[in-house]
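Number of protein chains: 6
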Amino acid sequence: MLLQLSTWPEVENYLSYSTGIIIPIGSTEQHGPTGLIGTDAICAEVIAKGVGEATAAMVGPTLHLGMALHHTAFSGTISLRPSTLIQVVMDYITCLAVSGFRRFFWINGHGGNIATLKAAFAETYYHLANLNIPHADEIRCEIANWFMCREVYQLAKKLYGDQEGSHATPSEVALTQFVYPDLIKTATLDTQVASGYPIYGAADFRRHYPDGRMGSNPALATPEQGQQFYQLAVKELSNSYLEFIAKA
Amino acid sequence: MLLQLSTWPEVENYLSYSTGIIIPIGSTEQHGPTGLIGTDAICAEVIAKGVGEATAAMVGPTLHLGMALHHTAFSGTISLRPSTLIQVVMDYITCLAVSGFRRFFWINGHGGNIATLKAAFAETYYHLANLNIPHADEIRCEIANWFMCREVYQLAKKLYGDQEGSHATPSEVALTQFVYPDLIKTATLDTQVASGYPIYGAADFRRHYPDGRMGSNPALATPEQGQQFYQLAVKELSNSYLEFIAKA
Amino acid sequence: MLLQLSTWPEVENYLSYSTGIIIPIGSTEQHGPTGLIGTDAICAEVIAKGVGEATAAMVGPTLHLGMALHHTAFSGTISLRPSTLIQVVMDYITCLAVSGFRRFFWINGHGGNIATLKAAFAETYYHLANLNIPHADEIRCEIANWFMCREVYQLAKKLYGDQEGSHATPSEVALTQFVYPDLIKTATLDTQVASGYPIYGAADFRRHYPDGRMGSNPALATPEQGQQFYQLAVKELSNSYLEFIAKA
Amino acid sequence: MLLQLSTWPEVENYLSYSTGIIIPIGSTEQHGPTGLIGTDAICAEVIAKGVGEATAAMVGPTLHLGMALHHTAFSGTISLRPSTLIQVVMDYITCLAVSGFRRFFWINGHGGNIATLKAAFAETYYHLANLNIPHADEIRCEIANWFMCREVYQLAKKLYGDQEGSHATPSEVALTQFVYPDLIKTATLDTQVASGYPIYGAADFRRHYPDGRMGSNPALATPEQGQQFYQLAVKELSNSYLEFIAKA
Amino acid sequence: MLLQLSTWPEVENYLSYSTGIIIPIGSTEQHGPTGLIGTDAICAEVIAKGVGEATAAMVGPTLHLGMALHHTAFSGTISLRPSTLIQVVMDYITCLAVSGFRRFFWINGHGGNIATLKAAFAETYYHLANLNIPHADEIRCEIANWFMCREVYQLAKKLYGDQEGSHATPSEVALTQFVYPDLIKTATLDTQVASGYPIYGAADFRRHYPDGRMGSNPALATPEQGQQFYQLAVKELSNSYLEFIAKA
Amino acid sequence: MLLQLSTWPEVENYLSYSTGIIIPIGSTEQHGPTGLIGTDAICAEVIAKGVGEATAAMVGPTLHLGMALHHTAFSGTISLRPSTLIQVVMDYITCLAVSGFRRFFWINGHGGNIATLKAAFAETYYHLANLNIPHADEIRCEIANWFMCREVYQLAKKLYGDQEGSHATPSEVALTQFVYPDLIKTATLDTQVASGYPIYGAADFRRHYPDGRMGSNPALATPEQGQQFYQLAVKELSNSYLEFIAKA
Ligand code: NI
Ligand code: NI
Ligand code: NI
Ligand code: NI
Ligand code: NI
Ligand code: NI
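Chains as they are written, first to last, in numbering that gives the first Met the number 0: chain A, 0 to 247; chain B, 0 to 247; chain C, 0 to 247; chain D, 0 to 247; chain E, 0 to 247; chain F, 0 to 247.
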């Protein structure tokens with residue numbers, strides 16, 4: 000049940016029996032020579048829809064822009080500053096809290112979003128406590144990183160070993176191939192790929208990761224593997240969502 | 000050519016022959032008893048993709064959240080504050096300007112976005128002029144409201160007359176029906192529908208427009224009409240885009 | 000009745016029978032080789048005072064600084080950033096709302112202010128709804144652009160035709176001549192004057208509008224015409240104000 | 000020479016021989032039962048014009064809104080928050096610095112502005128140093144409080160002794176009477192007037208200063224005294240301005 | 000009684016009989032060739048602790064970073080922007096106001112903090128009035144500048160005369176020597192030392208005060224004098240604090 | 000070598016051979032019935048000083064206020080909002096980057112700071128890249144959480160097992176006892192202690208963790224254990240710091 004494809008009376012009706020909502024958040028950032036710039040948003044969105052179907056939960060509009068400042072030396076990356084993203088998250092939650100939602104389950108496709116999301120949640124709880132919204136103190140947010148699902152992680156290790164890397168990974172590329180099987184990109188990938196270097200500013204990042212990959216070999220990805228990741232993530236996050244909204 | 004479905008080298012290549020980009024911006028807001036909450040984003044996005052195909056232009060990720068504070072008394076509406084949206088637009092443009100983009104063509108689906116977008120563009124030009132980006136003074140933004148295209152407007156008047164109204168209009172509903180023919184919602188619509196009352200705060204808006212419609216009769220909409228609107232808008236905005244990027 | 004020339008008990012007394020206030024907003028920006036930098040503020044203020052007298056309404060202090068970032072490549076222009084102006088408008092309205100004012104009639108002298116004002120009103124309604132002010136949901140703002148009054152517009156077209164242009168217009172210059180008949184400036188004006196080019200950043204604006212005028216011939220202006228504009232604007236906006244505060 | 004009454008070429012010409020500008024800043028706040036709400040702006044503006052004439056200096060538009068949050072429990076007071084005023088001052092100076100101004104002489108009519116102005120200047124110097132404006136490190140601001148001019152202060156003490164008080168003072172009221180001799184307000188003033196209590200929040204202020212005066216007896220004011228204050232302030236601040244711009 | 004060295008039940012107990020708290024604020028800024036960069040924080044903290052002991056008052060954590068933008072051209076200076084410091088002060092007070100504190104006695108070691116602190120207090124009172132905190136209108140802040148204590152000032156004048164200067168003064172250096180007798184720094188100090196030049200931006204400051212001192216001769220300082228300053232300041236500020244919290 | 004206890008020429012000299020600095024950041028928050036409110040700052044500071052001595056590194060002033068909004072329902076907690084803390088960190092780093100520092104090693108005592116610090120670093124790199132600071136792209140920050148040092152963690156598990164918990168832990172309490180052996184607090188601690196419940200808003204936190212502890216038994220702590228933790232943390236973080244500044 001997608002919020003964007005619902006009417007307001009349908010939302011009102013939904014709120015009569017559930018106060019939970021699933022929110023996909025991705026990023027718009029370079030994913031190496033073959034990965035789609037929208038990878039993180041595509042993955043978060045498709046899994047969120049799957050979880051929404053499996054649990055009959057409402058799914059809100061995807062946040063396509065995340066915190067990817069360190070990727071901005073590559074063409075096409077669009078990042079919010081953390082202070083902007085905090086305001087966006089605060090506005091997003093506040094509006095829905097006014098509507099009556101109380102459980103916000105963020106399905107996240109980008110590791111770089113986690114810190115800012117956590118900061119945003121803390122600031123939002125505090126902000127809501129200062130407004131006159133009934134039950135403001137019952138608002139809860141949870142981040143669910145699909146790529147950190149136990150079975151997703153295990154499958155990635157099994158399939159790719161160290162070549163999974165940490166950015167532009169074969170697992171996320173596989174998932175986008177599953178979603179867009181006609182959009183499988185190829186390029187000659189240097190077999191030597193940088194890894195392990197910490198993330199600082201954008202120019203520094205590009206100096207150390209010249210083609211954008213971090214230790215990964217996305218050429219290993221296939222759409223079939225993508226489907227497996229999809230199914231594992233949907234299963235695990237559906238359970239997580241149901242536990243989240245069931246908690247007293 | 001969708002930015003989200005491109006790789007960074009593809010974007011770099013695109014920039015070697017064009018600096019233009021199309022950006023869809025919608026809103027997530029009530030659209031009456033039968034209109035989809037995502038109507039404005041759906042319309043902007045589908046038309047932007049059509050224009051992108053027709054003109055071989057890059058299309059950036061859709062901004063699903065716009066300025067809809069006056070709709071927030073209806074369940075499911077999610078609005079950014081104007082000051083938040085200004086920061087989002089500033090971040091969006093700045094990142095792409097650093098990449099080398101210089102012509103930003105915003106295809107807009109929501110009248111309530113126009114004022115804040117204009118404010119944001121002004122602030123962004125000024126901001127960019129203070130940074131060290133080469134050619135910052137050549138950055139240009141244009142807003143293209145699909146619903147204000149001459150032929151779109153004329154067709155809406157011809158088909159619906161006064162029942163077009165100004166929010167939750169049959170024309171925009173028709174367009175969403177064209178995109179999602181399986182999602183045509185029905186409800187008993189009061190034949191008396193408020194209109195002409197100005198927009199102030201959210202509670203006031205709901206008092207005056209109790210079911211969310213502003214003078215419209217969305218029951219008149221059909222998917223076939225939606226297709227017509229789509230084609231007219233794509234044609235007209237494709238011309239607008241080409242003129243925009245051709246201008247010295 | 001000018002707020003600045005009243006005492007607080009007088010304001011308190013005024014609030015016992017009216018909650019309306021008129022607020023002039025102008026700009027401090029170049030107006031071509033012969034137009035006063037304060038033109039927009041001068042025009043808004045004098046008309047606001049006229050309307051205030053005609054309707055026995057309170058008139059607040061003029062905002063001399065508006066949104067004129069695109070004029071900042073010309074000496075003497077002072078602009079607020081949109082995000083600053085939003086805060087100013089929010090503070091202005093909030094203080095008066097706490098006093099008990101509920102109808103804010105903004106007489107505006109500068110087209111460039113409109114977008115930011117609209118954004119500011121939306122943000123202010125939302126802000127006030129979150130505070131504990133009684134009747135916050137009854138706060139209403141209206142923008143009245145004197146230069147868009149029907150009869151003002153018609154007279155300008157009749158007197159000047161296309162030479163009215165869109166910035167540093169003979170109509171606004173005439174009005175300042177009516178106010179300051181001793182300050183009529185002259186300069187050799189190029190008969191070729193740029194027009195029709197959209198507004199982007201400041202450097203770009205000056206490149207396209209090298210003397211600051213936009214399609215206008217302010218040499219046509221006379222103080223007598225200014226008086227006519229004054230009278231037409233005061234008459235029309237007095238009616239608008241009375242309708243505004245009478246509305247339920 | 001008033002900026003608002005100049006054209007941009009006149010400003011450009013002025014900048015060829017002087018980089019100094021005088022900026023009046025007042026406040027819009029209760030001034031007791033008989034004082035005008037605009038007292039501080041009226042005083043600052045008239046003196047600034049006098050100094051501008053005496054020294055052939057440019058005078059910028061008056062900031063009518065200052066930092067008067069502690070007066071907001073009285074009807075008609077309009078205050079900017081300090082954080083808003085800082086942005087306004089930063090925008091004001093930045094625009095003029097881009098034009099080429101380097102010496103900003105702020106003639107201030109309200110004690111409550113001083114702290115925020117000082118904070119704003121510091122933040123502005125820092126901000127300008129980060130931009131690409133030539134000679135940013137030569138920007139200087141000075142606050143000139145007309146009511147703290149030595150001879151003004153001495154005359155007030157001589158004329159009114161302790162009844163000068165510290166807010167809604169007879170000296171400032173006298174000055175407004177000199178400017179607006181037809182607007183002399185009267186009211187029965189309690190001979191017992193609170194004084195010496197520190198300033199905290201707005202509700203607290205009104206509890207301790209129930210009619211808004213702080214230890215003053217504005218009934219002592221006459222327009223003739225106002226003229227004397229005017230002349231003393233103009234003389235002293237003209238000297239201050241000339242010294243300020245002459246300093247290496 | 001230091002807040003940092005207390006438990007929350009101890010704070011709760013303290014609040015049952017007192018709502019006062021002492022907050023030391025310093026700065027991290029150059030203090031000439033021999034003065035410690037932390038001088039202002041060291042002085043404020045040690046005196047605050049002394050006052051806390053003498054009056055059995057709670058002492059909050061020291062704010063080490065103040066408003067020292069004009070010193071940032073010297074290595075090691077760390078300053079907050081005024082707009083940042085305002086937010087810090089607002090957060091500091093708001094949290095403690097929620098706990099139940101109502102009297103905030105700021106012991107300040109740096110003249111450059113005063114303006115921003117005053118601005119911050121005004122903004123905080125206003126902010127708190129908009130929240131739902133009980134007794135928000137009873138929150139009061141007071142700044143106590145130890146170096147402006149009457150007897151401190153007199154002793155400094157007596158000991159050092161004009162060589163006290165106004166920054167990197169022997170009195171504050173003496174106080175740090177009393178606290179850190181093993182850290183007495185020496186350097187050849189030019190006997191000619193700049194003084195009397197106003198403070199503008201950082202580069203300008205360093206041009207006029209090349210070694211950082213403002214008219215002072217810190218070589219005159221001794222730890223014994225530091226002890227005297229300490230005792231005088233603690234005595235006077237203890238009285239001030241007790242008066243402050245006793246006031247109705 | 001403490002920045003606060005150095006002179007600016009000493010800092011300048013230090014910069015001639017090192018660009019590294021250690022910055023302790025803690026929090027001011029409830030630590031259960033017996034833990035000091037300043038625990039996190041005390042631990043971070045003492046370890047930072049130890050590392051500074053062991054590595055001859057400069058140590059900057061401690062940030063006593065961190066992100067502890069979820070603890071604000073307990074008396075005495077003082078938290079910055081994440082958006083405030085981001086500005087503080089940005090100002091802190093920017094000033095030192097202007098001085099010439101390039102390696103910022105943040106020794107952190109509070110898990111709740113990590114997310115906001117990471118967000119702040121990202122925003123700061125981006126901010127610095129837009130300024131004119133030489134070598135802005137070489138600025139690097141690293142967070143070192145003393146409580147996550149491998150041997151610290153192992154010792155805590157060995158000494159306390161599950162009773163280590165995750166807030167108001169015996170390990171951090173032991174460390175404060177080592178620093179302040181005279182300040183060992185006792186209280187009757189409920190043997191049943193909540194644990195495992197996620198962190199949302201402040202009121203919710205207190206409902207679930209009524210005495211502030213999260214699964215811990217701080218009564219197990221001894222000063223001797225504190226010394227062990229101190230030594231292990233200093234040893235490990237000294238190595239980390241040296242690696243950090245040695246990295247190309
Ligand atoms: Ni990714
Ligand atoms: Ni719509
Ligand atoms: Ni104009
Ligand atoms: Ni006054
Ligand atoms: Ni000092
Ligand atoms: Ni802790």
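It is worth saying that the hints were derived from the structure and are not from the lab. Mixed in with the good hints, there may be bad ones.
Identical copies carry no separate label here, and so any pair may be met within one copy or between two of them.
[Stated by the list, open to error] Calculated lysine to aspartate or glutamate pairs in the DMTMM-like style (CA-CA distance at most 25 Å, straight line):
hint	residue 1	residue 2
1	Lys184	Glu52
2	Lys157	Glu137
3	Lys48	Asp181
4	Lys156	Glu11
5	Lys48	Asp136
6	Lys234	Asp210
7	Lys234	Glu11
8	Lys184	Glu235
9	Lys246	Glu223
This structure is a prediction, so every number in the text was calculated from the model and none was measured.
Okay, the hints, checked on the actual structure:
1. For a Cα distance limit of 25 Å, the shortest separation of lysine 184 from glutamate 52 across copies, 19 Å, qualifies, whereas the shortest one inside one copy, 30 Å, does not.
2. Taking the shortest alpha-carbon separations for lysine 157 and glutamate 137, neither the intra-copy value of 40 Å nor the inter-copy value of 37 Å comes in at or below 25 Å.
3. For the homomeric pair lysine 48 and aspartate 181, the shortest alpha-carbon distances inside one copy (21 Å) and between copies (17 Å) are both at most 25 Å.
4. Taking identical chains as interchangeable, the C-alpha atoms of lysine 156 and glutamate 11 are never at most 25 Å apart, the minima being 43 Å within one chain and 32 Å between chains.
5. In the homo-oligomer, the alpha carbons of lysine 48 and aspartate 136 never lie at most 25 Å apart, since the shortest distance is 28 Å inside one protomer and 37 Å across protomers.
6. Taking the shortest alpha-carbon separations for lysine 234 and aspartate 210, neither the intra-copy value of 34 Å nor the inter-copy value of 37 Å comes in at or below 25 Å.
7. Proximity of lysine 234 to glutamate 11 under the C-alpha cut-off of 25 Å is found in neither arrangement, the shortest distances being 27 Å within a copy and 38 Å between copies.
8. Within a single copy, lysine 184 and glutamate 235 get their C-alpha atoms no closer than 29 Å, and across copies no closer than 33 Å, so neither meets the 25 Å cut-off.
9. Neither within a single protomer nor between protomers do lysine 246 and glutamate 223 lie at most 25 Å apart by alpha-carbon distance, with minima of 35 Å and 41 Å respectively.
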